[in-house]
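Starting from the known structure of chain G, fit chain D onto it as the hints suggest.
Protein chains in written order, with my numbering: chain G, 509 to 1047; chain D, 509 to 1047.
The hints are simulated quantities; they were obtained by calculation from the structure and are not laboratory data. On a predicted model such as this, the values are computed, not experimentally measured, just so you know. Note that the Cβ used here is the ideal one computed from N, Cα and C, for glycine as well. Wrong hints could be hidden among the right ones.
[To be verified] Okay, derived cross-link-like pairs now, DSSO-like style, lysine-lysine, Cα gap no bigger than 27 Å in a straight line:
{"hint": "1", "chain 1": "D", "residue 1": "917", "chain 2": "G", "residue 2": "724"}
{"hint": "2", "chain 1": "D", "residue 1": "766", "chain 2": "D", "residue 2": "836"}
{"hint": "3", "chain 1": "G", "residue 1": "910", "chain 2": "D", "residue 2": "766"}
{"hint": "4", "chain 1": "D", "residue 1": "836", "chain 2": "G", "residue 2": "915"}
{"hint": "5", "chain 1": "D", "residue 1": "554", "chain 2": "G", "residue 2": "554"}
{"hint": "6", "chain 1": "D", "residue 1": "917", "chain 2": "G", "residue 2": "832"}
{"hint": "7", "chain 1": "G", "residue 1": "766", "chain 2": "D", "residue 2": "917"}
[As the list claims (entries may be wrong)] Have a look at the derived ranges for each label pair, beta carbon to beta carbon:
{"hint": "8", "chain 1": "G", "residue 1": "860", "chain 2": "D", "residue 2": "989", "range": "48 to 56 Å"}
{"hint": "9", "chain 1": "D", "residue 1": "601", "chain 2": "G", "residue 2": "740", "range": "29 to 37 Å"}
{"hint": "10", "chain 1": "D", "residue 1": "836", "chain 2": "G", "residue 2": "1011", "range": "27 to 35 Å"}
{"hint": "11", "chain 1": "D", "residue 1": "594", "chain 2": "G", "residue 2": "870", "range": "43 to 51 Å"}
{"hint": "12", "chain 1": "G", "residue 1": "598", "chain 2": "D", "residue 2": "836", "range": "55 to 63 Å"}
{"hint": "13", "chain 1": "D", "residue 1": "972", "chain 2": "G", "residue 2": "602", "range": "55 to 63 Å"}
{"hint": "14", "chain 1": "G", "residue 1": "1038", "chain 2": "D", "residue 2": "843", "range": "37 to 45 Å"}
Number of protein chains: 2
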Amino acid sequence: MAHYNNLVRASLTDMYQVKMAWTDFATGRHEIPSTFDYFFRTAPFKGAFAVFGGLRQAMEFVNDYHFSAEDIFAFKMDPDMAHYTAEFWQWLGQIDCRDVRIYAPPEGTIIFPRTPVLRVEAPLAINKLLESTLLNQLNYPTLVATNAARIRLVAGWSKKIWEFGLRRAQGADGAVSGSLYCYLGGFDGTSNCLAGRLFGIPVKGTHAHSQVQGYKDSDLHHERIMGDRKTGEKFDLTEAAITARTTLQQHELVPDAKTNDAELAAFLDFGWKNPTNCLLLVDTFSVLRSGLTNFLAVAIALNRAGYRASGLRLDSGDLSYQSKEVRKTFIRVGEFFGFDYFGKMTITESNDLNVDVLEELNRTGNDADAYGIGTNAVTCEGQPALGGVYKLVDIAGTPRIKLSEDKIKITIPGQKNAWRLFGLQGAILDLMTSPQGTIPMPGQDILCCDPFDETKRAVVCPVSVKPLSTLVWDGVNINCSNDYTAMRSYVIEQLRSGQIRADHLRTLNPTPYKVSLSLELYQQMHDLMTEETTIERLT
Amino acid sequence: MAHYNNLVRASLTDMYQVKMAWTDFATGRHEIPSTFDYFFRTAPFKGAFAVFGGLRQAMEFVNDYHFSAEDIFAFKMDPDMAHYTAEFWQWLGQIDCRDVRIYAPPEGTIIFPRTPVLRVEAPLAINKLLESTLLNQLNYPTLVATNAARIRLVAGWSKKIWEFGLRRAQGADGAVSGSLYCYLGGFDGTSNCLAGRLFGIPVKGTHAHSQVQGYKDSDLHHERIMGDRKTGEKFDLTEAAITARTTLQQHELVPDAKTNDAELAAFLDFGWKNPTNCLLLVDTFSVLRSGLTNFLAVAIALNRAGYRASGLRLDSGDLSYQSKEVRKTFIRVGEFFGFDYFGKMTITESNDLNVDVLEELNRTGNDADAYGIGTNAVTCEGQPALGGVYKLVDIAGTPRIKLSEDKIKITIPGQKNAWRLFGLQGAILDLMTSPQGTIPMPGQDILCCDPFDETKRAVVCPVSVKPLSTLVWDGVNINCSNDYTAMRSYVIEQLRSGQIRADHLRTLNPTPYKVSLSLELYQQMHDLMTEETTIERLT
Chain G
509 MAHYNNLVRA SLTDMYQVKM AWTDFATGRH EIPSTFDYFF RTAPFKGAFA VFGGLRQAME
569 FVNDYHFSAE DIFAFKMDPD MAHYTAEFWQ WLGQIDCRDV RIYAPPEGTI IFPRTPVLRV
629 EAPLAINKLL ESTLLNQLNY PTLVATNAAR IRLVAGWSKK IWEFGLRRAQ GADGAVSGSL
689 YCYLGGFDGT SNCLAGRLFG IPVKGTHAHS QVQGYKDSDL HHERIMGDRK TGEKFDLTEA
749 AITARTTLQQ HELVPDAKTN DAELAAFLDF GWKNPTNCLL LVDTFSVLRS GLTNFLAVAI
809 ALNRAGYRAS GLRLDSGDLS YQSKEVRKTF IRVGEFFGFD YFGKMTITES NDLNVDVLEE
869 LNRTGNDADA YGIGTNAVTC EGQPALGGVY KLVDIAGTPR IKLSEDKIKI TIPGQKNAWR
929 LFGLQGAILD LMTSPQGTIP MPGQDILCCD PFDETKRAVV CPVSVKPLST LVWDGVNINC
989 SNDYTAMRSY VIEQLRSGQI RADHLRTLNP TPYKVSLSLE LYQQMHDLMT EETTIERLT
Chain D
509 MAHYNNLVRA SLTDMYQVKM AWTDFATGRH EIPSTFDYFF RTAPFKGAFA VFGGLRQAME
569 FVNDYHFSAE DIFAFKMDPD MAHYTAEFWQ WLGQIDCRDV RIYAPPEGTI IFPRTPVLRV
629 EAPLAINKLL ESTLLNQLNY PTLVATNAAR IRLVAGWSKK IWEFGLRRAQ GADGAVSGSL
689 YCYLGGFDGT SNCLAGRLFG IPVKGTHAHS QVQGYKDSDL HHERIMGDRK TGEKFDLTEA
749 AITARTTLQQ HELVPDAKTN DAELAAFLDF GWKNPTNCLL LVDTFSVLRS GLTNFLAVAI
809 ALNRAGYRAS GLRLDSGDLS YQSKEVRKTF IRVGEFFGFD YFGKMTITES NDLNVDVLEE
869 LNRTGNDADA YGIGTNAVTC EGQPALGGVY KLVDIAGTPR IKLSEDKIKI TIPGQKNAWR
929 LFGLQGAILD LMTSPQGTIP MPGQDILCCD PFDETKRAVV CPVSVKPLST LVWDGVNINC
989 SNDYTAMRSY VIEQLRSGQI RADHLRTLNP TPYKVSLSLE LYQQMHDLMT EETTIERLT
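Chain G with its partners taken away, still in its complex shape (with noise of 0.2 Å):
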């Protein structure tokens, strides 16, 4: 297996990273070893967590990294580096990542800001030519999945909610992309054909209101012969829906109007059609005043074949409303008839919905079953971009601080492990330590410091404790998952099992998630802030 797409490789890369190579090589300097880590500063959507995701790709991404021939004569064309030498060419023609190590946690896990989620150790240049590209294949991916899980947990875990981004996506990854990780996120599948085939991930839909649009009045009166599930006895479906629709009326179990003809020809056709899930779109004229009764009539209709109509769809005006009045009638007609599945037949929303409108139709009360969420969940309007960074934290064995002014920007220097410490109510706080320093153990005391205020600290006896700096590259082999099922199951395990605290999940104004750093990486952090501060000259 292979990245999925194409324009993901070596050269899908920022020009600032060959120049930088070139620099590094020409002066040799190319080959000192570097650690680099990817982490984010504040967590999305003014949350207070993340759900990690991107991992497998941007693994997939590294195992076959080359620059190919086409992409080393581009570079040649160049002015800017019409000076480079041959050998440096050849060096970039020939590189890989056999010199690489990345450590990270499983893919699927709630990540905190500040705690090293790559860790990369690679040859400076190499290690340099990999930022814009890990950037780009985990920034989105983690975002995405984020507010898939920030949907999820407003949604309830009841629902089933389906992603329908692909027309408003940005560009065709961000569709395929978007699907596979609002699934990771907890979502149940998509409506992309393409992303379903990719990832194996469940697909689902059924019509648009442009099936409906196609038809006429007067093509209802149309012979729709069906056999009976069972017995295979032959009748007409369009006159078993025209009789229901009357038998509806006239016993007063849907609205008093006279509906459409047109919307109920299309639904004969896609129930005839498709009768082991005719789901039907119920808003084209009037869900209530049309919809609603010619789904009915087409439900009654198949019934009579022995098949059960799976639900509708509403797709715009007061979804908590018509949800309601929907879910009453099917009860009442299916009492009528005696159908006792009516009452649960499904009822799906869709029409611009986000974690406000999902808040929104908790309140107001809401009889869906299932959610369609398009534009929203994929291109994540509350933040569009994760800020996610790269930043150099070891060069040949020496620890690097970035300082600067804001105190959020500065780098927590030096390699570090991760670790998640939990307590008997679930997770305690991260712990970072040094790669040889104290291994924290379940049951045995270990001291956490805050990485920036030192009244700030804990002594921690966990009960257990997950490592988060695991080797998922390790120079040839993909050491990670790519069974995005059991990432899902994971992250909804996570998310569901109290494992990560209720307060740190929440929506609105969360518990920030506790940071911590092992006294040794402190003491490190502190010294080398101390050494690298200038000292000014107050006169």
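Showing chain D alone in chain G's frame:
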């Protein structure tokens, strides 16, 4: 040339399109001639216009349209599709776009709400199957090109604008197509090597903070032997730079502060190995207390070898203030040393720039020559999705309307050609006419009707008329440009020449542009509205 992205293929569609195609096939409706319009209802970013992007790549998709055996195999595994017939799979396996005709304005045309951007004539089932992919391939390109044009309008025509968005883009294609359509919309180029190679757009880049971070103070004191560009005379660039730094400080040409030696070492290595394009990032420690002085020291040293440093980049802090201080220093130092070009070295600014920040920089004054814009350029944080839609307007020669209680959602029925009517002061309005109706001609009066308001009508006698519905796909050949540099010039020409009035282009509260119907289309639309409206009985 095929589509640059392997993900853009027939199976990049929503499942419901396939289910509708099956339904149409099974009921004998799949070959009914149909026309769909692609258009948008409101311009993005609270503006009044958009820049049409994505056409050529969409046509590449159409040109190569087919379902692969793998696609069909995957569909067949879906239990919802288990009952589809062998005839359908055979049909799906052999469809292409030879019976499709597509009309559109040239890519890069400034477009407005309501005017049909694409008119797609195709057999009904094929038109549905195309919908999702075409929307994906047009919405984001148009969104990004529009965002870029707005940035360009605010930045002004004298600045260079570079797109730096790869690391935060929504997927690999969000980056690659983001680069392309920023260029189309008026940017000068990108940092993205792959986008540059694929589309022949200019690529720029120099170095990052990581270049500086990798050095220690002790790295400064190495010999860096350089030959004079003309005479070949050798000298030590390090010594020249250290001498220059001392001179700069002794003559109080630069702020009085000890600069960072590691930074100077990094700058020297970069300048030494890239003397023809030495543009240095000066904010790793402090722009005014370290980076500027170190840059100047290297620039003076390079000058001794006959090379002119390109300039510097500011990436944090108060860009307006810094740029003015830097420019003053450039001029002062240039005068001291007698280097005329010093005052004109490039100041590039980056760091979360967007339209609002640029407007603020315009207000406070800014001495930059160039901007690097990343995240906002490609992810369009102001509005990360364009709501372009694809609506059925004609079936088998019968115009179709989609009514809605929300007037803005009413579609304009029937096949339409669009025209732009120009007066002496630029474009007056866009007019839609029936393909069989009167063609607007220069020097001839024509009645133009607001689609919704019968009191808003105007007789226009255009000076010139530009067709906006030309045949770009005739079933065999693509008839639209793939020359993105020419398209970009066309965008700039429309924005700069007054072809489109400035009040339509401004970022805040622009004047809406008039889009109108011929009397014939107006009457057809309103006849259909009357005909299709359900008359309620009030009791």
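Structure-based check of each hint:
{"no.": "1", "hint": "D:917 to G:724", "verdict": "holds, 20 Å"}
{"no.": "2", "hint": "D:766 to D:836", "verdict": "holds, 20 Å"}
{"no.": "3", "hint": "G:910 to D:766", "verdict": "holds, 18 Å"}
{"no.": "4", "hint": "D:836 to G:915", "verdict": "violated, 30 Å"}
{"no.": "5", "hint": "D:554 to G:554", "verdict": "holds, 24 Å"}
{"no.": "6", "hint": "D:917 to G:832", "verdict": "holds, 25 Å"}
{"no.": "7", "hint": "G:766 to D:917", "verdict": "holds, 23 Å"}
{"no.": "8", "hint": "G:860 to D:989: 48 to 56 Å", "verdict": "violated, 35 Å"}
{"no.": "9", "hint": "D:601 to G:740: 29 to 37 Å", "verdict": "holds, 31 Å"}
{"no.": "10", "hint": "D:836 to G:1011: 27 to 35 Å", "verdict": "violated, 52 Å"}
{"no.": "11", "hint": "D:594 to G:870: 43 to 51 Å", "verdict": "holds, 47 Å"}
{"no.": "12", "hint": "G:598 to D:836: 55 to 63 Å", "verdict": "violated, 45 Å"}
{"no.": "13", "hint": "D:972 to G:602: 55 to 63 Å", "verdict": "holds, 58 Å"}
{"no.": "14", "hint": "G:1038 to D:843: 37 to 45 Å", "verdict": "holds, 40 Å"}
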